[in-house]
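Please put together the full structure from these sequences, using the hints given.
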Amino acid sequence: MSVSAAARRFARLAGRQPAASARRPRLAIEPLEDREVPANSILITGHAGPDVNINVSTVGTTTTIATTDGSAFLSLSTIETALKNPAVTNVIVTTDVAAGGSDADEFGDIDWDATDNTTVNGDQLDFTGFGTGKTLTFRTAAGASALGNINLGAVRFLNNGTDDQISLVFDTSAPDGSVTFDAGINPGSGTVIYSAEAVKDLTVAAGDTNGAFTFHDDGGTIGAADAGGNVSITAGTVDISHQGGLTAGAGMKVQATGSTTIDTPDGGKVLLDIGTGLLATGDLTVTGNVAVVANTGGLTSETGALTVTAPSVTLTQMILQAAGDLTVSGSTSVELTTSGFSEATSSSGNVRITGGTVDLPDTFLRADNGNVTVSGTDVTAAMSVQADFGVLTITGTNSVSLTNTTCDGVKGLTITGGTVTLDNETDMLLEDGGDIVVTGTDVTLRDSELLTNSGGIALTGTNIVLEHGTVAATTGVTLTGPVIVGPGDTSVGSVAPGTLTFTGPVDAQTAGEPTLEVSGGTIVFKQSVGATAALNELDIRHGNTTVEGNVLNAATIIVFDPFFGFPDDSNLNVPATLGINGTITGNVTAQVTPDGRGGLAPGGLGKVGTMTVRGDVTLDGDFELDLAVTPGGPTDKLVVVDNPNTVGTTEGNITLGPDSKLGQSGIGEVPGAPVVVIDAATPVAGQFSNAPPGVGLLIGTDYARIQTYTPDVVIDAMPDQGKVVKGADDDGTLYTITLTGPGTLVHGKDQFGQRFLVVRDATTASKLSVATKANGSDDVVTFGAGVLVNGGLASLTASKLNIGTQFRSSGPIATATFRDFQNLNGPGIELAGTAVNKTAITARNITDDVRVGATLTSLKVAQALSAGQFADPVTVSAPAIGTVTAKSADADITTPGKLTALVVGGNYSGEVTAAAIGKFQAVGGDATLTATGAPGVVGSVGPVTSSGPDGLTLDINAAKVSSVKVAGSLTTSDAGWNVTGGITSLTVGSLSANITAGFLGTVLVKGNLTTGLSGDIQASTITVTGNDGTAAHNGIKSLTAKGTVNFSLFDVKGGNVGTFTVGRFLNSQLYLNYTPHDPATQAFNTGGTFGAQGFKLGTFKTTATPLGVPGNPVNWAFANSEVAADTVGTVTLSGLQTDNAGTAFGIKIRTPGAAVKVLAADDPAVPLNVKLTPGATPIAGDFYFLDV
-11 MSVSAAARRF
-1 ARLAGRQPAA
9 SARRPRLAIE
19 PLEDREVPAN
29 SILITGHAGP
39 DVNINVSTVG
49 TTTTIATTDG
59 SAFLSLSTIE
69 TALKNPAVTN
79 VIVTTDVAAG
89 GSDADEFGDI
99 DWDATDNTTV
109 NGDQLDFTGF
119 GTGKTLTFRT
129 AAGASALGNI
139 NLGAVRFLNN
149 GTDDQISLVF
159 DTSAPDGSVT
169 FDAGINPGSG
179 TVIYSAEAVK
189 DLTVAAGDTN
199 GAFTFHDDGG
209 TIGAADAGGN
219 VSITAGTVDI
229 SHQGGLTAGA
239 GMKVQATGST
249 TIDTPDGGKV
259 LLDIGTGLLA
269 TGDLTVTGNV
279 AVVANTGGLT
289 SETGALTVTA
299 PSVTLTQMIL
309 QAAGDLTVSG
319 STSVELTTSG
329 FSEATSSSGN
339 VRITGGTVDL
349 PDTFLRADNG
359 NVTVSGTDVT
369 AAMSVQADFG
379 VLTITGTNSV
389 SLTNTTCDGV
399 KGLTITGGTV
409 TLDNETDMLL
419 EDGGDIVVTG
429 TDVTLRDSEL
439 LTNSGGIALT
449 GTNIVLEHGT
459 VAATTGVTLT
469 GPVIVGPGDT
479 SVGSVAPGTL
489 TFTGPVDAQT
499 AGEPTLEVSG
509 GTIVFKQSVG
519 ATAALNELDI
529 RHGNTTVEGN
539 VLNAATIIVF
549 DPFFGFPDDS
559 NLNVPATLGI
569 NGTITGNVTA
579 QVTPDGRGGL
589 APGGLGKVGT
599 MTVRGDVTLD
609 GDFELDLAVT
619 PGGPTDKLVV
629 VDNPNTVGTT
639 EGNITLGPDS
649 KLGQSGIGEV
659 PGAPVVVIDA
669 ATPVAGQFSN
679 APPGVGLLIG
689 TDYARIQTYT
699 PDVVIDAMPD
709 QGKVVKGADD
719 DGTLYTITLT
729 GPGTLVHGKD
739 QFGQRFLVVR
749 DATTASKLSV
759 ATKANGSDDV
769 VTFGAGVLVN
779 GGLASLTASK
789 LNIGTQFRSS
799 GPIATATFRD
809 FQNLNGPGIE
819 LAGTAVNKTA
829 ITARNITDDV
839 RVGATLTSLK
849 VAQALSAGQF
859 ADPVTVSAPA
869 IGTVTAKSAD
879 ADITTPGKLT
889 ALVVGGNYSG
899 EVTAAAIGKF
909 QAVGGDATLT
919 ATGAPGVVGS
929 VGPVTSSGPD
939 GLTLDINAAK
949 VSSVKVAGSL
959 TTSDAGWNVT
969 GGITSLTVGS
979 LSANITAGFL
989 GTVLVKGNLT
999 TGLSGDIQAS
1009 TITVTGNDGT
1019 AAHNGIKSLT
1029 AKGTVNFSLF
1039 DVKGGNVGTF
1049 TVGRFLNSQL
1059 YLNYTPHDPA
1069 TQAFNTGGTF
1079 GAQGFKLGTF
1089 KTTATPLGVP
1099 GNPVNWAFAN
1109 SEVAADTVGT
1119 VTLSGLQTDN
1129 AGTAFGIKIR
1139 TPGAAVKVLA
1149 ADDPAVPLNV
1159 KLTPGATPIA
1169 GDFYFLDV
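Numbering (the working numbering), first residue to last: -11 to 1176.
In the BS3-like style, the derived pairs of lysine-lysine whose C-alpha atoms are separated by at most 30 Å in a straight line are:
#1 711 / 737
#2 875 / 994
#3 399 / 1041
#4 1089 / 948
#5 948 / 875
#6 714 / 755
#7 826 / 788
#8 907 / 953
#9 948 / 848
#10 1159 / 1041
#11 886 / 953
#12 595 / 711
#13 907 / 994
#14 595 / 514
#15 826 / 711
#16 755 / 595
#17 886 / 595
#18 755 / 737
#19 714 / 788
#20 595 / 737
#21 907 / 848
#22 848 / 886
#23 1041 / 994
#24 848 / 761
#25 875 / 755
#26 1041 / 1084
Cβ-Cβ distance ranges computed for the label pairs, FRET-style:
#27 121 / 148: 18 to 26 Å
#28 441 / 412: 20 to 28 Å
#29 856 / 951: 30 to 38 Å
#30 109 / 336: 49 to 57 Å
#31 620 / 499: 38 to 46 Å
#32 392 / 441: 19 to 27 Å
#33 719 / 858: 25 to 33 Å
#34 121 / 392: 51 to 59 Å
#35 396 / 951: 42 to 50 Å
#36 968 / 851: 34 to 42 Å
#37 1151 / 1117: 23 to 31 Å
Treat the hints as calculated values from the structure; they're not laboratory data. Note that beta-carbon positions come from the ideal geometry of N, C-alpha and C, so glycine has one too.
Below, the structure is given as structure tokens:
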């Protein structure tokens, strides 16, 4: 090239600016006279061209190529020569003026255009001989007012199949210049291309204010932009339009640091044009000081986190993928849509979308093993969310608006707003269960659903609107705040026995228009229903329903209306009952209820009240009647009168259908004189099918009869029989019933021929006894219809009495002794009282629930506390419980207070829930112990003892556990043990368990040779979250397993381990505050990290000697296992198998000083009976001793 040609070329390049996107105008250029730092421009030429005005100097391992005057030409050969120098690791090409050179006062640019036939003529850098570990830097001159851009056109960084690899740095940060990669002045050659084989790290550091990094292809040719290591791009503006995308073999950081001004309208923005993708093996971070804008591309981190941050983030039709956390954050706004069936996905971390305003108009968010969070000031979304093992949290401080949104695969849902609106088929169905919590000022559910297959739902708002929607849960639904029911049918339900609660008033949006259907075990309207604006229909499909607001207005009220699938088919046979001590305006139909109490219950079940219906009543179900709970007190009453709001129709009619019954499970006695229980404006039509007039019937806790049905229903008491009653049962056994103290007796047979006993007007001073005498018979008597006590008793003494169906009282009973309670599908044992009262029960067998209102000081069952082999467990409940004893038990024991002891002479099966659980003793069985704690009560469990050879399956949830002793095998379910504090001691025959605890004291797996247990720990996960708080800071004080530990993990996160002695340690791990490697990408010797705080393993020891039987899986005592602790005292391996099929394993420490000895090994290369020396290479085979 002639000098004149070169001069013309330089003049042409002098005004060249970075290739600009159509979205961004050219950057401003300062006048040359403002320059303060010497710099000359460099034009890179082909191999054949000579250097012009170039100086090459080498100091140490760095070669610097600088200018000596203006119009400098740099040959590729010069760069290659510098890189091939084995003594050089850094080559810097700079526009700085070399010592002794001249400043031509040029822009100080570096231009390299491989398409320019006059200079480079298609030449590219030849990597042959570069080697590895070197860096080539292009840098423009520094200075406060200096300019200086780097422009590359169609340059290839490829090694043509050699092993040579360098890192590239493009630095225009000092003069606030730009870096441009484009297709060159002769398009058709694509753009700048680099491969991971040739380029390790790529660093672009352009000016942070006016500088830009622009990387554009030619719009047609797709080329590679792959770095083998890290990629770091920093510029005032980042503008990438590259269909092939940029990849990094490690991490990638893209950052726009500028600000938006008149001269730099795209300053501070990261702009990723259509089809542009960024992929990093490690973390990928994209940050804009003003905005990040991407369209129809992808952002992927294969093993790390993906983070996109800017005040404004707009991602349109994007594929976002991360192994770790995926975060999109826009302090002002976020708009995100995903592409087709693709998602914004994290495979191992959390997905977080946060902003000011957040708009997700067509988005799929997925966290395979984490949570999904969407938060901002205003959140608007039409999205699908999947988090199979996590929860979805949506927060909008001003508003949340969801349209056509689904979250079928999440484990929990929380929505918090100002206003919260779920609209247009927003079906939030938690198929795998979890709780749903929605909180806002105004909460609206319109044409949408909230459902969980296992969990509860809580809706809270200052105003809740339900319009043609569904809310359904399995464990209960609570709506806190006033509820407005909009047009159409709205359904709210819980699977029985869950409770459905409306805390505020419920009204129609438009009077007389909506239908509300409810279903549950218990349904409570804390305030009125329809008092301000009446409903069209209230459909109580299932559940014991009470309107505590004393006003219910609906044109139609239906009681019991089974419907498949709502909220679950298991509710189909759950009865429905409506109770109110107030006024109903509307027509009431109570349909036939199977399998239990149902129909109308003035005041509610177990509560005396008056129900006034202004309308007609059709009663095909039951009339659940409660009588006077105090002598002479009021009874339930149903009053039916005309509805004054209707014109041309006279109501006040009641019809008792042919299947209707008078309920027999209420409380109380007839107050004395006959009492009206149904008072209608017109004569009552029909009769109860089970209560002919004048025939005695057990009603409440009394024996009474219906005196007359018309015009009103009147009942009166059957005569009493004094204080002593004698009789004989069917086999001739003689019995005498005696009552001392206040009260009278009523005894006889019910309509089914079963004997009963009623005590009227008793007090806690009354004593009841039943004495029997054999008379050519046994000495046992059975009252199959039950024992009913009005008031309380000091005692019931009846050791030869079998009670069937029911044993109920309206007051406390201090002591009760009987033979068997035999369940005949009745109410069971229900004894009233309060926590200040005390009750003790003694029996031979109890086969139904025991519900006691008083403190249950003792429950002694000589044989079985069980409903039978194929029945559900019986329930024992009381405010607090002392000691429960039984020979065998299949029972759930529940109390909000303490349980002193549960002692079972045989197997126990069931769940125990109490504030604190004391002694638990059983031969074996399957138990769950949950200590909830209470104010002033620590949720403790223990001691626990299982003496049987077959072991115990046991789950525990508690704050702390004292000693646990299991003679046989201790196993757990997947839920396992969750103990926030510590476990003092654990002694078992063998162990297969999931245990999480704050600390473990002494653990002994001692085996039982008599029953064939060798003391193994199999398939267990033991997680220790803290330590014992002593000076020793033990997470595990000591662990001894006489047998083999196999396929087990001991993860000690916050404490030391004193001694750890096992027979064998196979396929297992012991970690002290250590995060293991990812086996998909790392190995034991290359991955894994210790936490900041180091903990010590005092002693680790295996004791089993080699079998001498190659191929036997237990031949060696230590194989395919990992022990990692910051500090280790001594390790003794009685037998080591080093051959692990190429998978690294062994011992890892961070603090020197561990004494590791091997007594026997499969490889003669292992030094025996001496301290091993840690190193980066294996001791032998695949066994490592690492000091990291």
